[in-house]
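Residue numbers (the working numbering), protein chains in the order written: chain L, 1 to 732; chain S, 1 to 732.
Treat the hints with caution; some may be incorrect.
What the hints assert, rightly or not - Here are the simulated lysine-lysine pairs, BS3-like style, with alpha carbons at most 30 Å apart:
#1 L:Lys382 / S:Lys132
#2 L:Lys648 / S:Lys648
#3 L:Lys359 / S:Lys132
#4 L:Lys132 / S:Lys359
#5 L:Lys170 / L:Lys34
#6 L:Lys630 / S:Lys359
#7 S:Lys132 / L:Lys132
Stated by the list, open to error - With the C-beta cut set under 7 Å, the calculated list includes, among others, these residues of chain S facing chain L:
#8 Ser193
#9 Thr198
#10 Asp202
#11 Gly205
#12 Asn208
#13 Gly210
#14 Gly277
#15 Ile347
#16 Asp351
#17 Thr417
#18 Met447
#19 Glu471
Claimed, not checked - One-sided and incomplete, this derived list gives chain S residues near chain L with beta-carbon spacing under 7 Å:
#20 Ala342
#21 Gly449
#22 Ala646
#23 Leu660
Simulated from the structure, these hints should not be mistaken for lab results.
Here a beta-carbon is modelled for each residue, glycine too, at the ideal position from N, C-alpha and C.
2 protein chains.
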Amino acid sequence: MTEEQSPSQIITPVFKLKTLEATRARARASRQLKSLFEPASIAIVGASARQGAVGQAVFRNLLLNGFTGTLYPVNHRHHSIMGVKTYPSVAAIDDPVDLAILIVPAASVPAVLEDCAGKGVNSAIIISAGFKETGPEGRELELRVRQQAREAGIALLGPNCLGLINTDPKVSMNATFARSMAQPGNIAFMSQSGALCTSILDYAGTQNIGFSKFISFGNKADIDENDLLRYLGSDPQTQVILMYVEDLGNGLDFIHIAREITSEQERCKPILALKSGRTAEGARAAASHTGSLAGTDEVYDAVMAQAGVLRVDTVQELFDYAMAFANQPMPRHDRVAIVTNAGGPGIMATDACVRQGLKLAEFSEATRQTLQAALPPAASVKNPVDVLGDAQHDRYQSTLEAVLKDENTDGLIVILTPQNMTDIEEIARGVTALNLRYDKPILASFMGGTDVAAGVRLLRQHGVPHYPFPEGAARVMRAMRTYRRWLDRPRTEERIFEVNRAEVQRIFNRARSEGRNRLPELEAMQVLAAYGFPVLRSGLARCREDVAELGQQVGYPLVMKIASPDILHKTDIGGVRVGVTDLPAAEEVFDDMMARARAKHPEANIWGINVQQMARRGREVILGATRDPKFGPMVMFGLGGIYTEALKDVTFRLAPLRQLSARHMLEEIRGRRILEGIRGEAPADFDALQECLERLSQLVIEFPAIDELDINPLIAYENGAAVADARIILGA
Amino acid sequence: MTEEQSPSQIITPVFKLKTLEATRARARASRQLKSLFEPASIAIVGASARQGAVGQAVFRNLLLNGFTGTLYPVNHRHHSIMGVKTYPSVAAIDDPVDLAILIVPAASVPAVLEDCAGKGVNSAIIISAGFKETGPEGRELELRVRQQAREAGIALLGPNCLGLINTDPKVSMNATFARSMAQPGNIAFMSQSGALCTSILDYAGTQNIGFSKFISFGNKADIDENDLLRYLGSDPQTQVILMYVEDLGNGLDFIHIAREITSEQERCKPILALKSGRTAEGARAAASHTGSLAGTDEVYDAVMAQAGVLRVDTVQELFDYAMAFANQPMPRHDRVAIVTNAGGPGIMATDACVRQGLKLAEFSEATRQTLQAALPPAASVKNPVDVLGDAQHDRYQSTLEAVLKDENTDGLIVILTPQNMTDIEEIARGVTALNLRYDKPILASFMGGTDVAAGVRLLRQHGVPHYPFPEGAARVMRAMRTYRRWLDRPRTEERIFEVNRAEVQRIFNRARSEGRNRLPELEAMQVLAAYGFPVLRSGLARCREDVAELGQQVGYPLVMKIASPDILHKTDIGGVRVGVTDLPAAEEVFDDMMARARAKHPEANIWGINVQQMARRGREVILGATRDPKFGPMVMFGLGGIYTEALKDVTFRLAPLRQLSARHMLEEIRGRRILEGIRGEAPADFDALQECLERLSQLVIEFPAIDELDINPLIAYENGAAVADARIILGA
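Isolated chain L, as found in the complex (with noise of 0.2 Å):
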């Protein structure tokens, strides 16, 4: 082994902060999506009075819910519908139009909206269905409605949805054909799933869950869940924004306006999503490791990840959530004190806590003092705090606002179970009195049924989050205290590094000259090496006379390596030797490599024998990048080795890389604890590997034509890294 070139010096970072142009949206005319949610008058087209109709619905909805403009029912049929004159035409209402809702046969659609053009309509919602959910033909007609609706300026939600909710007391509408209104709240809900928004508004019913707005965006042929976001991120009604996706049409997009609405610490609003589908595509199939491993919800976690957005798995986290999100402040660390009645449930709730990162408080003396003094013998005044099964109100009370004060707690979470003393009500209107008095977040667990069910319900109009056991308020204080990190992260930027394109350029150039889309690892080296990266030292033997001077300049031992565009797998044929000694050893491998391989590859192209530095063991990791095809490249980070493959220990974001996400993918992974080192190993050098992750941001986002690339293994040191050998697949 043998001393390579300093790593850090091989690197030389060049600071030179300058921020990329961020892919902007197409941002959609907030006029256009005032006249949706807020119109002053709606054109109802196939308002119906027959009782079950769709059109029947949606009309009684808009009428009995107390909508502040003026309805417009069309239907040629009738005169009047529910006592409401009717129109035969969109024509031939004789005042302005802003909001026109179409409930009829898809192939009626086009000449509604054209209609709708004349009219000068700003927004229109298409209940129907019968689009490109049927097939080929109603995706034609789809786009041609699309068209139309652009053409005209426009504003279509839909088709195929539920239709939109607006609880604001200004505008109250009702523009669904669900069986029942949203109470009002500052919950904002989309759905992709029309179906799932019936059952939604039923649940929520019953857990005095409130909606600002809720919107099902259906087929999404124009609105989409971006424009959306744009318009609820400043809805002064919407506190927290929750959404049901089957995928995302624009993800830089969306990680742009979801970043935005996420961080901006003035009026910063939490984003949850459902993203259903993670199972339904698998990995695609791919040339590099970093392309196999990147399966489409690899995707989403990167996106959601990167956009502040918070990734929940189930509707009931998603309520779960937005219940305290709405509510409660964010924990400013991650120290939870427990209040409880009953020991059994505050050992659940502690190891609930453990197990979703978060610490138990441990109370200042004064603390302890107070709870002595406040509490019988018997009782525990350590965190968990235990009250006894005994406890009343008072006993409650005290407790709960002796560790609300202390400074070592972030969070809490009371505990009741119903014993036989236990004055229920008068606990839950002790806890909403302490209610946002200390600027912590509350969360209960009344465990029970019947008896428990008053308090509750008071605790939730009180806007105290309740869940039924004591782990779903330790995941939800999890999540909470997940969102405070992410408002309170140190904001980085992209580093752009002075690097050689030409030289990249160069190469690219010359291997499309010659038909071929990958390159070999010599190829790719020498791309790297023009980014910067801390290549080994190497060189191509063309002939047995240059291995001599090539032995020098790197330094024995030597690694050597058959060179060839038309070999992709080196071991198979012998074509790798570590250890390589001396220059006659070299000059005797050279020899028995090339006519191995020139025996086994008789039609190969052989470039040579790459004469390379052996590097010094460290860690290995893994960098990769690949290209989705709908969001780009992406940027890959892992432990090396078979690991990478056996155990997925990988963890993705998508290119361009900002500092803080390169230094969150090293720390990500389950296996960091190998980087940070173990029985007293050194760390490895954390900056060198963020720096690589942020060079290879640099190289994909700057060359396109790159599809998949592998750096495999990236070798980790106390100072520095080496690559030790890479891949690159060009775009066809």
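We have chain L; now place chain S onto it with these hints.
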């Protein structure tokens, strides 16, 4: 590198099967527990007339819930309570007493128990608190009471508990101070936490969950979870057993009893356990890897796995699972059919099933044709089957029947969202009509709140488990599948190998006589060799002259390691050299290594240099053993190298190991794919690894002197395996 002796030659499989005598628990006389659960007469000592008193609540609950025997309230201040004549003492009761319930101050308990003993009472429940939970004095009192009960042959439940409910109509006993009576059912619940019981009774009431027995066992001074399990195992009213425990008294007994209950094909009963305190105690300080990885929680995981008990994390899971286990058959395989009237929830259910390791059933051609005929053209006849939003009960019905009939379906999840036309109760009725007709589990998720409430009630009343969201159903289906796999597992026994016990005893004796409890590599390898492990060839070179012969015996290249009981970290002093290729080099290493060791550790007893065969490269795993202070010897398996520590990818079992348990250990680590072979690599020799685990189990069972043991690494090959390093620590 050289070929070592084929490990299959080294391992001599001596398959002399013989059952180790199982540790048999003191089997409590069933007469005694019968008198506790089915007493003909009860003395309530401390029965009270005072509103709010526990003694009043217990007596009231007994009197008003239809107890079929005779009640004798004992109270010397009142002539009658609630109209029932009282007695001044147990002795004063003029009839035989089966069960005494004590609700008296802790200090009075011994006197009352003496009274009971005199009367010939068979069993007692001590509701009173004030025992070991309060400190040393209470602990003292509890020990005295236990002693008293055992001497008098009284089976004692408690102290510090809520009491006991038996809903069997032949008994109908509510001997608790809970606010409500349990509904009758086939689920038995036992809890170490009394307060949790009150919450669960209240919760269960609102969820239509019925109980056969409901037991709070408190401090378990006498009767513990094992006694109760044995009773419930043969209780005809009980089909499923739920436990909440904070610790287990006797792990081996527990495994033995629980295995019998969960396994017997005829009348097997699933056991679901919530063990809290997962995170309370960390891993203890230990001298070996294995010891440091064996936290308390890993022990419980091992105990539960070997007992066939499903461990759950939350109360929610406990009851979610119980509802299904109590009412539904277990799925024969893992193929789930999903029927839904909404696309989104169908995708969510699919995601959840796949995440749970279940498969989506692929329907037969016949089923597809039936569905095509029954459903509108826009419906999806592939799994998940989407019957569309306008589906009513007839469409659901024919669909459900078709997929249940299909032999490719092992279980069904039926999802409903409340759409305008959905006749929810009719659909629920249809589901209940199909329930149990096909010997396949049906789980439902009618998503919503008020709208679906009546339908949900109908389902539950007819034994169809219902979950608010599809993810809950998927999780339960997985748990059922896990249990079914447990039932269907091949039954194996412990294998006993022919080994050289005398040799091991000799090595241990020598170490002891030298005042050592740490066996360095050389001795540890001798011990393993005596137990038939495939150890590398090696020998001790005491002087330079030994090297030549050993080199020839072992074969070049060699590994040479310093051998000294006083040098634990060999590498620190350059005490390990690999790849020594010939005799001159070996002799030089000998001199050099001895000199270094003497220089750095002048006081050390240096035995010489261990000359060892150099192992071929293979996949490194770690095997280990440790001794839990409560449960005895445990065996560990995991991936070797730094990953053991960094990823904690290890698994434990209590010894002795059956063959199947050993196999499962290999299969359940996350990194098993590395053993199975990735990228076309051949699988490791699972049989050899399994045998090593079994031999290790035998070793630690037969030598209780072993406190900790690491085999690290064991190198796994395509054929066989080889121990490359090991250490043993003996108990004090």
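Evaluated hints:
Proposed proximity of Lys382 of chain L and Lys132 of chain S is supported: the alpha carbons are some 19 Å apart, at most 30 Å. At roughly 15 Å between alpha-carbon atoms, Lys648 of chain L and Lys648 of chain S fall within 30 Å of each other, so this suggested pair holds. Distance check on the hinted pair: Lys359 of chain L and Lys132 of chain S sit about 29 Å apart at the alpha-carbon level, within 30 Å; holds. For a cut-off of 30 Å, the pair hint linking Lys132 of chain L to Lys359 of chain S stands: about 29 Å separates their Cα positions.
With a CA separation close to 13 Å, the supplied pair Lys170 of chain L and Lys34 of chain L stays within the 30 Å bound. For the suggested pair Lys630 of chain L and Lys359 of chain S, the alpha carbons sit about 28 Å apart, so the restraint of at most 30 Å is met. With a C-alpha separation of about 69 Å, the suggested pair Lys132 of chain S and Lys132 of chain L falls outside the 30 Å cut-off, and the hint is violated. Checking Ser193 of chain S against chain L by beta carbon gives a least distance of about 3 Å; that is within 7 Å, so the hint holds.
About 5 Å separates the beta-carbon of Thr198 of chain S from the nearest beta-carbon of chain L, less than 7 Å, and the hint is met. Hint status for Asp202 of chain S: holds, given a least beta-carbon distance of 3 Å to chain L, under 7 Å. Residue-level restraint check for Gly205 of chain S holds (minimum Cβ-Cβ distance to chain L is 5 Å; threshold 7 Å). The interface hint given for Asn208 of chain S is violated, since its Cβ lies 11 Å from the closest Cβ of chain L, which is over the 7 Å cut-off.
Proximity of Gly210 of chain S to chain L is violated relative to the hint, the smallest CB-CB distance being about 14 Å (cut-off 7 Å). With its C-beta approaching chain L no nearer than about 5 Å, Gly277 of chain S sits inside the 7 Å limit, and its interface hint holds. Taken as an interface hint, Ile347 of chain S checks out: its beta carbon lies about 4 Å from the nearest beta carbon of chain L, inside 7 Å. Proximity of Asp351 of chain S to chain L holds as hinted, the smallest CB-CB distance being about 4 Å (cut-off 7 Å).
For the restraint placing Thr417 of chain S at the interface with chain L, the shortest Cβ-Cβ distance is roughly 4 Å, inside the 7 Å limit, so the hint holds. Because the closest C-beta pair between Met447 of chain S and chain L is about 4 Å apart, less than 7 Å, the hint holds. Taking 7 Å as the C-beta contact cut-off toward chain L, the hint placing Glu471 of chain S at the interface holds, the least distance being around 4 Å. The interface hint given for Ala342 of chain S holds, since its Cβ lies 3 Å from the closest Cβ of chain L, which is under the 7 Å cut-off.
A distance limit of 7 Å between C-beta atoms decides the matter here; for Gly449 of chain S the minimum to chain L is near 3 Å, and the interface restraint holds. The restraint placing Ala646 of chain S at the interface with chain L holds, with a minimum CB-CB distance near 4 Å, inside the 7 Å limit. Interface hint status for Leu660 of chain S: violated, as the beta-carbon distance to the closest one in chain L is roughly 24 Å, over 7 Å.
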